[in-house]
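Next come the chains, spelled out residue by residue.
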Amino acid sequence: MKKKSLKKQLFYLSLVGLPFIQFLLFYCFVNFKSILFAFQSYDVVEGFAFNGFENFKQIFIDPTGKNTMKYSLQNSLVLYLWTLLFGTGGAILFSNYIYKKFFGSKLFQIFLFLPNIISGVVMVTVYKFILDQGIPLLWREIFGVQLEPLLSQKSLKFGLVLGFSLFMGFGTNVLMYTSTMSGISPSVVESAELDGITPFKELIYITLPMIFPTFVTFITVGVATIFTNQMSLYTFYGADVPSDMYTFGYLLYKEVKQATVIMDYETFTYMSALGILLTIIAVPLTLGIKKFLEKFGPSVD
Amino acid sequence: MKKSNKLSFNFIITIILSIITLIVMFAIYWVITTSLKDNSDFRKNFFGVPSVWMFKNYISVFENFVLDVTRDGVILQVSLFPDIIVNSLLYTVGGSFVFTLTPCFVAYAVAKFDCKFSKFLYFIVIVTMALPIIGNQPAMIDLLYSLGLYDNILGVWLQKFNFLGMYFLVFYASYKSLPKDYSEAAYIDGASEWRVLLQIMFPLVKSIFLTIFVLHFIELWNDYSVPVLYLPSHPTIAYGVWRMSNSVVTGMNTAPMKMTACAIMVIPTIIIFLVFRERLMKNLSLGGLKE
Chain A
1 MKKKSLKKQL
11 FYLSLVGLPF
21 IQFLLFYCFV
31 NFKSILFAFQ
41 SYDVVEGFAF
51 NGFENFKQIF
61 IDPTGKNTMK
71 YSLQNSLVLY
81 LWTLLFGTGG
91 AILFSNYIYK
101 KFFGSKLFQI
111 FLFLPNIISG
121 VVMVTVYKFI
131 LDQGIPLLWR
141 EIFGVQLEPL
151 LSQKSLKFGL
161 VLGFSLFMGF
171 GTNVLMYTST
181 MSGISPSVVE
191 SAELDGITPF
201 KELIYITLPM
211 IFPTFVTFIT
221 VGVATIFTNQ
231 MSLYTFYGAD
241 VPSDMYTFGY
251 LLYKEVKQAT
261 VIMDYETFTY
271 MSALGILLTI
281 IAVPLTLGIK
291 KFLEKFGPSV
301 D
Chain B
1 MKKSNKLSFN
11 FIITIILSII
21 TLIVMFAIYW
31 VITTSLKDNS
41 DFRKNFFGVP
51 SVWMFKNYIS
61 VFENFVLDVT
71 RDGVILQVSL
81 FPDIIVNSLL
91 YTVGGSFVFT
101 LTPCFVAYAV
111 AKFDCKFSKF
121 LYFIVIVTMA
131 LPIIGNQPAM
141 IDLLYSLGLY
151 DNILGVWLQK
161 FNFLGMYFLV
171 FYASYKSLPK
181 DYSEAAYIDG
191 ASEWRVLLQI
201 MFPLVKSIFL
211 TIFVLHFIEL
221 WNDYSVPVLY
231 LPSHPTIAYG
241 VWRMSNSVVT
251 GMNTAPMKMT
261 ACAIMVIPTI
271 IIFLVFRERL
281 MKNLSLGGLK
291 E
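So the protein lines, in turn, are chains A and B. Sequential numbering of the first sequence, starting at 1, is according to the numbering used here. Sequential numbering of the second sequence, starting at 1, is according to the numbering used here.
The list that follows gives simulated cross-link-like pairs (lysine-lysine, BS3-like), each with its CA atoms no further than 30 Å apart: (1) A:Lys290 / B:Lys176; (2) B:Lys116 / A:Lys290; (3) B:Lys176 / A:Lys7; (4) B:Lys176 / B:Lys206; (5) A:Lys257 / A:Lys66; (6) B:Lys119 / B:Lys206; (7) A:Lys33 / B:Lys116; (8) B:Lys44 / A:Lys157; (9) A:Lys291 / A:Lys201; (10) A:Lys290 / B:Lys119; (11) A:Lys66 / A:Lys254; (12) A:Lys101 / B:Lys206; (13) A:Lys33 / A:Lys70; (14) B:Lys206 / B:Lys180; (15) A:Lys66 / A:Lys157; (16) B:Lys119 / A:Lys295; (17) A:Lys70 / A:Lys257; (18) A:Lys8 / B:Lys116; (19) B:Lys180 / A:Lys7; (20) A:Lys8 / B:Lys119; (21) B:Lys119 / A:Lys33; (22) B:Lys44 / A:Lys154; (23) B:Lys119 / A:Lys291; (24) A:Lys57 / A:Lys257; (25) A:Lys57 / A:Lys33; (26) A:Lys70 / A:Lys57; (27) B:Lys176 / A:Lys291; (28) A:Lys291 / B:Lys116; (29) B:Lys119 / A:Lys7; (30) A:Lys201 / A:Lys106; (31) B:Lys206 / A:Lys106; (32) B:Lys116 / B:Lys180; (33) A:Lys8 / B:Lys180; (34) A:Lys291 / A:Lys70; (35) B:Lys206 / A:Lys8; (36) A:Lys7 / B:Lys116; (37) A:Lys7 / B:Lys206; (38) B:Lys56 / B:Lys44; (39) A:Lys8 / B:Lys176; (40) B:Lys176 / A:Lys295.
Simulated from the structure, these hints should not be mistaken for lab results.
Sequences are here, hints too, so could you generate the full structure?
What follows is the structure in structure tokens.
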């Protein structure tokens with residue numbers, strides 16, 4: 001009996017042991033090290049030294065003088081709200097259309113998901129060619145006027161990149177929402193249809209309340225994207241993005257990428273401080289939004 | 001009145017979906033036709049079908065697509081075939097396998113063994129999903145560097161060897177929903193724990209395993225940001241195409257060549273999508289329904 005129990009314990013250990021060690025090393029230790037970095041400075045000669053909140057102060061001082069932090073905050077929030085409103089809203093409307101099997105729903109489902117299958121790199125490359133060469137060419141042929149490449153126009157490029165990121169984001173959301181909607185009991189829908197409910201009312205009063213747990217999960221998990229979403233900027237422009245287009249996701253990625261070339265620990269410590277600061281904002285925000293949605297979300301009754 | 005409301009609501013959604021569909025169709029058409037033009041044809045004929053179908057562009061990209069990378073302070077040239085393709089397969093297949101198998105096995109242990117440590121592991125998954133940690137890449141790079149695993153495929157596989165995230169919950173829910181009768185009958189017949197897992201339980205979730213593996217495969221095949229950061233001298237195809245699309249100095253810097261590289265990159269994922277379309281389009285849900 002004891003031998004059997006030992007065998008079970010060994011089996012359990014063999015399944016969870018190594019992944020748990022990986023978790024300790026690659027999650028706990030890495031994040032601990034990240035906190036350490038945030039409170040350290042680095043000098044090539046003297047190495048690391050504790051420097052209190054100096055790295056955090058630097059974030060607010062903006063040593064580059066390009067308002068990088070201000071623009072990052074502004075653009076990250078715009079991107080999040082845009083995605084939340086039109087991305088999530090659109091995904092729910094499209095999912096409902098597909099779930100109700102309206103005209104062409106199977107075809108639309110495939111084409112909504114295809115941008116997730118085709119790499120973002122490919123889609124960006126095509127988008128750049130069309131906007132920078134194709135449309136100016138058409139414009140010249142139709143109106144006889146030469147247009148500047150659209151993605152180089154200051155007034156247009158942020159909006160165009162924002163639109164692209166919305167377009168690319170529907171696939172997985174639609175897949176998940178459609179899958180959840182397909183679990184709604186047909187008898188509930190049938191009885192509402194007998195009462196003459198319109199598709200829009202059915203969406204608002206039946207479908208949305210029923211899929212609300214999925215909605216809450218998406219919104220909750222998505223809060224952190226305020227600070228991690230790059231808006232495909234690195235794919236579009238590499239490291240040459242003007243500071244007024246920065247998002248926090250892009251800033252973190254670009255700075256860390258450039259720092260790895262020479263293992264620039266000074267940048268590492270600064271970026272770690274920024275990461276910690278954003279985490280401190282993201283955690284209560286995530287929990288707060290989750291609680292808010294659970295408290296004030298639609299009731300299935 | 002009601003009928004007209006119904007029509008207008010659906011009509012607007014149909015129009016929007018049709019526009020999205022046309023844009024995606026056009027993007028695919030444009031990649032394929034541009035990849036089959038020569039550069040002068042492309043300049044004269046931006047949107048149309050090729051005047052001469054240049055299938056040899058594909059051979060040309062396979063033969064001439066090289067990238068300069070710096071490894072251990074030395075500048076090396078890596079070619080599309082075999083270097084970049086091999087790197088892509090190692091990153092994509094290896095990474096997807098590890099990334100799918102780990103939550104699959106840990107979820108089995110947590111679902112089957114109702115002990116405090118299992119509850120703790122489940123708690124870890126929920127907490128790490130709900131509480132995001134941002135900007136820890138410098139510390140991750142430093143750790144990999146210290147372990148001698150930076151710019152090494154093993155380092156990336158180790159990063160993927162984690163059970164955290166949504167798919168743990170998908171596996172966990174699947175194992176929990178399976179009846180215990182099968183495994184109990186096997187235990188009575190003297191089967192070992194491993195045998196029960198591999199020959200009885202795993203086959204019952206293999207459909208979900210395959211779906212998640214395919215989703216990871218597509219994600220990793222298309223991903224250039226992780227290889228750029230963690231495998232700078234081992235470019236994958238996404239990394240290569242990204243470098244090519246932003247480059248102005250290579251000899252391959254023409255739209256038809258760039259689109260040929262894009263097409264080569266897209267073909268495997270499109271094939272996989274067509275084969276597994278039905279599987280991908282259903283059976284994955286997150287969060288569930290209200291009772």
